[in-house]
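S.K.: Protein chains in written order, with the working numbering: chain A, 373 to 688; chain B, 76 to 250.
Please note that the accuracy of each hint is not assured.
As the list claims (entries may be wrong) - Derived DEER-like restraints, expressed as beta-carbon distance ranges:
#	chain 1	residue 1	chain 2	residue 2	range
1	B	Glu134	A	Gly555	27 to 35 Å
2	B	Thr93	A	Pro506	41 to 49 Å
3	B	Arg94	A	Pro492	37 to 45 Å
4	B	Cys121	A	Arg622	40 to 48 Å
5	B	Thr217	A	Glu432	31 to 39 Å
6	B	Thr217	A	Gly555	46 to 54 Å
7	B	Leu211	A	Thr578	30 to 38 Å
8	B	Asp151	A	Pro506	37 to 45 Å
9	B	Ala208	A	Glu432	24 to 32 Å
10	B	Cys121	A	Gln454	31 to 39 Å
11	B	Gln92	A	Gly555	52 to 60 Å
Keep in mind that the hints were calculated from the coordinates and are not lab data.
Every residue, glycine too, gets a C-beta built ideally from N, C-alpha and C.
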Amino acid sequence: MRSFTYERAASPAEAVAAVARAEGARFIAGGTNLLDLMKLEIETPAHLVDVNGLAFDKTEATADGGLRVGALVRNTDLAADQRVRRDYPLLSRALLAGASGQLRNKATTAGNLLQRTRCPYFYDTNQPCNKRQPGSGCSAIGGFSRNHAILGTSDACIATHPSDMAVAMRALDATVETLRADGRTRSIPIAEFHRLPGDSPQIDTTLLPGELITAVTLPKPVGGTQIYRKVRDRASYAFAVISVGAIVQRDGSGRVALGGVAHKPWRVEAAETALPRGAKAAAALLLAGANPTPQNAFKLPLIERTLGAVLSEARG
Amino acid sequence: MPDHAAMSDVSMVVNGQTRKLSLDVRTTLLDALREHLHLTGTKKGCDHGQCGACTVIVEGQRINSCLTLAVMHEGDNVTTIEGLGTPATLHPMQAAFVKHDGYQCGYCTPGQICSAVAVLDEIKAGVPSHVSADLLAPPTLTAMELRERMSGNICRCAAYPNIIDAISEVAGRKA
Chain A
373 MRSFTYERAA
383 SPAEAVAAVA
393 RAEGARFIAG
403 GTNLLDLMKL
413 EIETPAHLVD
423 VNGLAFDKTE
433 ATADGGLRVG
443 ALVRNTDLAA
453 DQRVRRDYPL
463 LSRALLAGAS
473 GQLRNKATTA
483 GNLLQRTRCP
493 YFYDTNQPCN
503 KRQPGSGCSA
513 IGGFSRNHAI
523 LGTSDACIAT
533 HPSDMAVAMR
543 ALDATVETLR
553 ADGRTRSIPI
563 AEFHRLPGDS
573 PQIDTTLLPG
583 ELITAVTLPK
593 PVGGTQIYRK
603 VRDRASYAFA
613 VISVGAIVQR
623 DGSGRVALGG
633 VAHKPWRVEA
643 AETALPRGAK
653 AAAALLLAGA
663 NPTPQNAFKL
673 PLIERTLGAV
683 LSEARG
Chain B
76 MPDHAAMSDV
86 SMVVNGQTRK
96 LSLDVRTTLL
106 DALREHLHLT
116 GTKKGCDHGQ
126 CGACTVIVEG
136 QRINSCLTLA
146 VMHEGDNVTT
156 IEGLGTPATL
166 HPMQAAFVKH
176 DGYQCGYCTP
186 GQICSAVAVL
196 DEIKAGVPSH
206 VSADLLAPPT
216 LTAMELRERM
226 SGNICRCAAY
236 PNIIDAISEV
246 AGRKA
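Bound-form chain B, shown alone:
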């Protein structure tokens, strides 16, 4: 075992910008985003892939940024909450969360929103879920489908009904 930290260079495209970092290889993608790129919108909850607060979109897919090393993402496109919208130009999902009061303390919200944006893409791509009645039919946009697909994002304030209302509204607008 090395007795000192091993370092490695990594280059990622974060929210459309190429970012080069020299990191201790132990650095998770989450810590790289927060501590090195100062993109603190992405939150650290459990740091073990159980709560979903750290959810970001990598190469178009939502993942737990706490359970992946930054050096494993050489050349990858990473989208965080800061890349979805800005206070002046909110992403439709952000606007819907505000409108429907999809949060109380707000800590899980960036993860919820990144997850929700990717969930709608997954449904559009025809990815089935545990509650899809027919594996061969296109998945439907029911509240039950959204609840199942969002189960990896925990909200301690239990804003779940409002979160589902917000996602449903954006889904309806898209359809």
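Extracted from the complex, chain A is given alone in its bound form:
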């Protein structure tokens, strides 16, 4: 690990000022992804600002009947929150499908959104990777691409976003709240938070440099039957090959977001109008424009079948 300096921030204003002040500074919260990448020297921050002491560790009801989840709420605590289990079961299920008990105890809500891809070429510093080293090329294109993206890809990158939680947040229409060094705050709809790789796959999100996530807000509950179905190579403790997060109402209408298929959680609102007509119709719209590799083309029928299973389960 490269050397770095370290400080603990005592207030949000102090945290954003500290990161703005130091070249190459980063926030650290749970650290489960950042420290892993620092050991491999994929991430090389010169300064770490520890935000664990900030008061972002609570989940509170909002005035309009939703929930405001503090950026530092741990994945275990969010999944176990009675209000989340009752009103946003899709979120509990997605969180519990991810990582291990040890990691969920440390990983935070904001950090989960900011996870970096688990593309093996991103992790292998001997291989070209446009996300790790812009302009060096993509080893996954033409390489081992079974787990890679089939939607929203570019000539520069076919990595997927690894989060389960983000897929649920996307289906639930969450909003990411942030604070900047100049004191300004903003609310970013989750749909606009993660970006597609385009020609700059090194940038995962629309956060500005030094911008701090303070909370993730969920709108008031939408009810319905909520199901998160994760298809993976092991029964536990593995990233998704694909995942389907669905909210299905009694009249057959609903919402669907997919994981393991793109650089961001994949949701096509227009496809949801086809949900009452079944998985085949909805999947055709969800997967329109897919550009799989020969190794991951199996994800297309896998998604349609998994969505079919989810819709059958929702109908009871």
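We have chain A; now place chain B onto it with these hints.
M.R.: Just chain B now, kept in the frame of chain A:
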């Protein structure tokens, strides 16, 4: 980037004793425990949060000690395998692992035992898991629940059935 190692002081309560350390800030909690406090019961397996051999209990919760910096634990209570029991007075989970032969080479065992002790607390606290059929009901103490909750602890010798027997016995005794 600093061209030399940055140092920092940190004070933690490890197995009930206050320990003050002056560390290179890069030092993980795992390396602080093993290399600086010489508590070598906690093992380094993958050093990337994938195997669970480094599992310790911090502020009552199990975590991977390899994926956290020691300086991030100022004032925290840390329990390692040495703090759970001693050879003369084994923790019930240690005794159950011995009785049920919950290991072969033993390398993953301290992590398995720390994880198992915390798993039973998580179930008691009502934390659901991926295999809990009903999110709103208290979790049950089935083998399937224990296997899912222990999936972050890899055993290369594959002593899994005996590990589940050991945890089940302690869970039953508690219930």
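S.K.: For each hint, tell me whether it holds in the structure or not.
M.R.: Okay, the hints, checked on the actual structure:
About 32 Å separates the C-beta atoms of Glu134 (chain B) and Gly555 (chain A), a value consistent with the hinted range of 27 to 35 Å. Checked against the hint of 41 to 49 Å, the pair Thr93 (chain B) and Pro506 (chain A) passes, with Cβ atoms roughly 47 Å apart. A hinted range of 37 to 45 Å for the beta carbons of Arg94 (chain B) and Pro492 (chain A) is consistent with their spacing of about 39 Å. A C-beta distance of roughly 47 Å is found between Cys121 (chain B) and Arg622 (chain A), which places it inside the suggested range of 40 to 48 Å.
For Thr217 (chain B) and Glu432 (chain A), the hinted distance range of 31 to 39 Å is satisfied, since their beta carbons lie about 34 Å from each other. At roughly 51 Å, the beta carbons of Thr217 (chain B) and Gly555 (chain A) sit within the given window of 46 to 54 Å. Distance hint check for Leu211 (chain B) and Thr578 (chain A): the Cβ-Cβ separation is about 36 Å, which falls inside the suggested range of 30 to 38 Å. Taking 37 to 45 Å as the suggested C-beta distance range, the pair Asp151 (chain B) and Pro506 (chain A) conforms, at roughly 38 Å.
About 29 Å separates the C-beta atoms of Ala208 (chain B) and Glu432 (chain A), a value consistent with the hinted range of 24 to 32 Å. Here the CB-CB span from Cys121 (chain B) to Gln454 (chain A) is close to 35 Å, well matched to the stated 31 to 39 Å. Look at Gln92 (chain B) against Gly555 (chain A): about 43 Å separates their beta carbons, and that is not inside 52 to 60 Å.
In this structure, the one hint that does not hold is number 11.
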